[in-house]
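S.K.: Given only the sequences and the hints, what does the whole structure look like? Please build it.
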Amino acid sequence: MRFLMTTKGGDLAPPTEAVMAEMDAFVEEMTRAGVLLATGGLDPAGTHVSASGGKLTITDGPFTEAKEAIVSFALIEARSKEEAVELSRRFWKIIGDGEGDIQQVFGPEN
Numbered sequence: 016m017r018f019l020m021t022t023k024g025g026d027l028a029p030p031t032e033a034v035m036a037e038m039d040a041f042v043e044e045m046t047r048a049g050v051l052l053a054t055g056g057l058d059p060a061g062t063h064v065s066a067s068g069g070k071l072t073i074t075d076g077p078f079t080e081a082k083e084a085i086v087s088f089a090l091i092e093a094r095s096k097e098e099a100v101e102l103s104r105r106f107w108k109i110i111g112d113g114e115g116d117i118q119q120v121f122g123p124e125n
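Just so you know, we're using this note's numbering here: the sequence shown kicks off at 16 and counts up by one.
It is worth saying that the hints were derived from the structure and are not from the lab.
These numbers were taken from a predicted model, which means no experiment stands behind them.
Keep in mind that the hints are not guaranteed to be accurate.
[Said to hold, decoys possible] When the alpha-carbon atoms are kept at most 25 Å apart in a straight line, the in silico PhoX-like pairs for lysine-lysine are as follows:
no.	residue 1	residue 2
1	K96	K108
2	K96	K23
3	K108	K82
4	K108	K23
5	K23	K82
[What the hints assert, rightly or not] Cβ-Cβ distance ranges computed for the label pairs, FRET-style:
no.	residue 1	residue 2	range
6	E97	A66	16 to 22 Å
7	E114	T62	40 to 46 Å
8	E97	D75	37 to 43 Å
9	V34	E124	32 to 38 Å
10	V64	W107	30 to 36 Å
11	M35	E124	32 to 38 Å
12	L71	D39	22 to 28 Å
13	F121	F78	21 to 27 Å
14	R104	T72	26 to 32 Å
Don't be surprised by glycine CBs; every beta carbon is placed ideally from N, CA and C.
M.R.: Pasting the structure below:
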């Protein structure tokens with residue numbers, strides 16, 4: 016099962032070198048295990064696209080307060096939702112306080 020894990024922005028201080036080293040080791044471990052498929056940071060400003068009546072409207076962001084914007088993601092392969100939650104628990108133990116979401120990704124096999 017695939018899950019998209021996202022984190023929201025906030026007023027947190029940048030991570031220390033020790034936190035970054037621990038996160039790098041976690042990412043490497045998850046990648047080697049075939050669990051972490053993709054990860055990255057997102058531009059909080061972004062571009063909004065809406066379609067209505069055959070017309071496409073493009074609006075440059077930001078659209079939400081910085082603390083509400085999705086600022087990073089990880090696409091993982093897990094055996095269950097419980098395993099995805101456990102991986103999230105490990106992530107937050109390294110990073111500290113914050114907020115995010117876990118959503119199952121559906122594909123042709125679902």
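S.K.: Hint by hint, say whether it matches the structure.
M.R.: Evaluation of the provided hints:
The suggested pairing of K96 with K108 holds, with an alpha-carbon distance near 18 Å, which does not exceed 25 Å. For the hint linking K96 to K23, the alpha-carbon distance of about 20 Å falls within 25 Å, and the restraint holds. With a C-alpha separation of about 20 Å, the suggested pairing of K108 with K82 holds against the 25 Å cut-off. Simply put, K108 and K23 have alpha-carbon atoms about 16 Å apart, close enough for the 25 Å limit, and the pair holds.
Annotation: proposed proximity of K23 to K82 holds, straight-line Cα distance about 6 Å (limit 25 Å). Remark: the range hint 16 to 22 Å for E97 to A66 is contradicted by a beta-carbon distance near 37 Å. Between E114 and T62 the Cβ separation comes to about 23 Å, which falls outside the hinted range of 40 to 46 Å. Distance hint check: the CB atoms of E97 and D75 are about 39 Å apart, consistent with the given range 37 to 43 Å.
As the Cβ distance of V34 to E124 is approximately 36 Å, the hint placing it in 32 to 38 Å holds. Between V64 and W107 the Cβ separation comes to about 31 Å, which falls inside the hinted range of 30 to 36 Å. Evaluation of the 32 to 38 Å hint for M35 and E124 yields a pass: the beta carbon distance comes to about 36 Å. The hint said 22 to 28 Å for the Cβ distance between L71 and D39, and at roughly 40 Å that hint is violated.
Between F121 and F78 the Cβ separation comes to about 26 Å, which falls inside the hinted range of 21 to 27 Å. Between R104 and T72 the Cβ separation comes to about 40 Å, which falls outside the hinted range of 26 to 32 Å.
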